[in-house]
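For the protein sequence lines, the chains are F and U, in the order given.
So for the first sequence, UniProt numbering puts the first residue at 1; every next one is plus one.
So for the second sequence, UniProt numbering puts the first residue at 1; every next one is plus one.
It is worth saying that the hints were derived from the structure and are not from the lab.
Since the structure is predicted, the reported quantities are computational estimates derived from the model, not experimental observations.
Any given hint could be a false lead.
To be verified - The list that follows gives simulated cross-link-like pairs (lysine to aspartate or glutamate, EDC-like), each with its CA atoms no further than 20 Å apart:
no.	chain 1	residue 1	chain 2	residue 2
1	F	LYS236	U	ASP142
2	F	LYS236	U	ASP164
3	F	LYS236	U	ASP93
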Amino acid sequence: MSDLAIAPAPRGIPARMLVRGTIIGAIGLLSLLPILNQLPEGNVLRISDFTIAVTGKWICYAVLALAIDLAWGYAGILSLGHGAFFALGGYAMGMHLMRLIGPRGVYGHPVLPDFMVFLGYRELPWYWLGFDHFSYAVLMAMLVPGALAFLVGWLSFRSRITGVYFSIITQAMTYALMLAFFRNDMGFGGNNGFTDFKELLGLPLNTQGARAGLFYAALALLAGSLLLCRHIVGTKLGRVLVAVRDAESRVRFLGYSVTAFKLFVFTLSAVLAGLAGALYVPLVGIINPGEFAPGNSIEAVIWVAVGGRGTLVGAIIGAFSVNAVKTWLTSFAPDLWLFVLGGLFVAVTLFLPRGLVGLFQGRTK
Amino acid sequence: MTGPVLYLDGVSVIFDGFRALNNLSLVVDAGELRAVIGPNGAGKTTMMDVITGKTRPTAGTVRFGDHDLTRMDEARIANLGIGRKFQKPTVFDALTVFENLELALKAPRDPLSCLRWQLAGTARKRIEGVMEEIGLAARAGDPAAILSHGQRQWLEIGMLLMQDPDLLLVDEPVAGMTDQETEHTAALLRRIAGRRSVVVVEHDLEFVRALGSKVTVLHEGTLLSEGSIDTVQNDPRVIEVYLGR
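From just these sequences and the hints, can you work out the full model?
Below is the structure:
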């Protein structure tokens, strides 16, 4: 009797295989896009540069959604400030890209980026040092969001700030960062942020090859993040997170430090968001304080809700589908977008609490 | 452990001027099964909150063996060997019966250990053994959400067994149970005691009688009477404030 009873997930095996197959298939299809982009103009199968750029952007959004789902869907930590971690990662990469411009700027200064020359900087601020190295920039794209998440998380979780109160704190965090980054004297280009990037890792950015490289890097990041998240939620740590989500105080009475688990997952989630931002910036060619706008973070949470939270794959599906609708809609009725987004969130909450993935799960069960 | 397992002396808890506990003293010996009764608001749950670190006492001593509990948080107290079962059964609905027990199993509790955790054969055996004991072996793979009320209570008791505590605090374990479930629960608690100390808070006097243990009566946050069920049932003070109504 116990033999039958032990294996806790026999019912899940076929569904798991199905999910795995779908993921591999989707990644395979996506990896074809840059190849189809190489086809000569006029070929019916040719994918435009625009499609590559937009899809690359969505892949970065999908990583952000995945990061949010890991914290929200599994540990119940609803962050409305993940856009800040994404933007910080983006700024770290942006600083590297600015340093690589070198003397090719409008003012032709050998070291200082244009905006610094314009604002009368004599030398590079100390926090810009090191950003001429790619690996340092990548490290900072993980370290800065991770450290901020650790600090905000530690202060909040230790004081048992949960639920909507924590969400409000994270919203305030991203708003405060936006105001700070808007200031010219912060040394991050103020209102205009960074743009006019020339190259990355020796490749001129404005080429098909660079676009394909960035696209594959983003795809690799998405695949790697998905594997990592799926591994984590499959361990006992993942089950403790689910337990924290459903009955936090009970977990404490079992002897687990809820603060430590929340800090772990929130920090990891911020690092993933930072990496996504770091790839996003060379793909879109610009980063400015608008990326910190509170609405961005809320929109990312809606992607996860629409796709289906606590499923990982749902977050990715949500990011792609909501952004597909956004791209389509804003091309002819941009004013309608916010209403549609809000309506979508209400509709999903009321009629599809398990998101798009829930539709599918309902059928397999 | 020599001497009492649990030692409370002069414990008071004051919320906004209201004395939830008033100079309460209580001693529980190793291996003892103790029932705590009292009318609503007598301070039974507050007493458990103080022992498990959920509430800090305003005054008084709370010791578990050699440890001072008044300065520790819930997780540390739990890891010292104090388990608690809540009035309302709280199990993790999204996890299976097996996974619920696995989380409760005595093992390193930090995130990295949990990340690396592999279920060894001995651990699996222990979980299987507890599942047999609480009568849920056939439900191992079911999510806790679909269990009946009684089964959830047993699962929670099972989780406490996995924690292998030296002291077990049980809050109203038979509330809302059928007669048959109540009997099963009483038998389960008697089996657990003897190996460890158990404190049971209960309203149901028939159940307390079935436990056959020493009884402590609380009233207005302080000790009113202590002794066998017959002694306290015949204590005129107890009759006046509690049983007489």
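Hints, verified against the model:
1. LYS236(F) <-> ASP142(U): holds (17 Å)
2. LYS236(F) <-> ASP164(U): holds (19 Å)
3. LYS236(F) <-> ASP93(U): Holds: LYS236(F) and ASP93(U) sit about 16 Å apart, inside 20 Å.
Violated hints are absent here; each numbered hint is respected by the structure.
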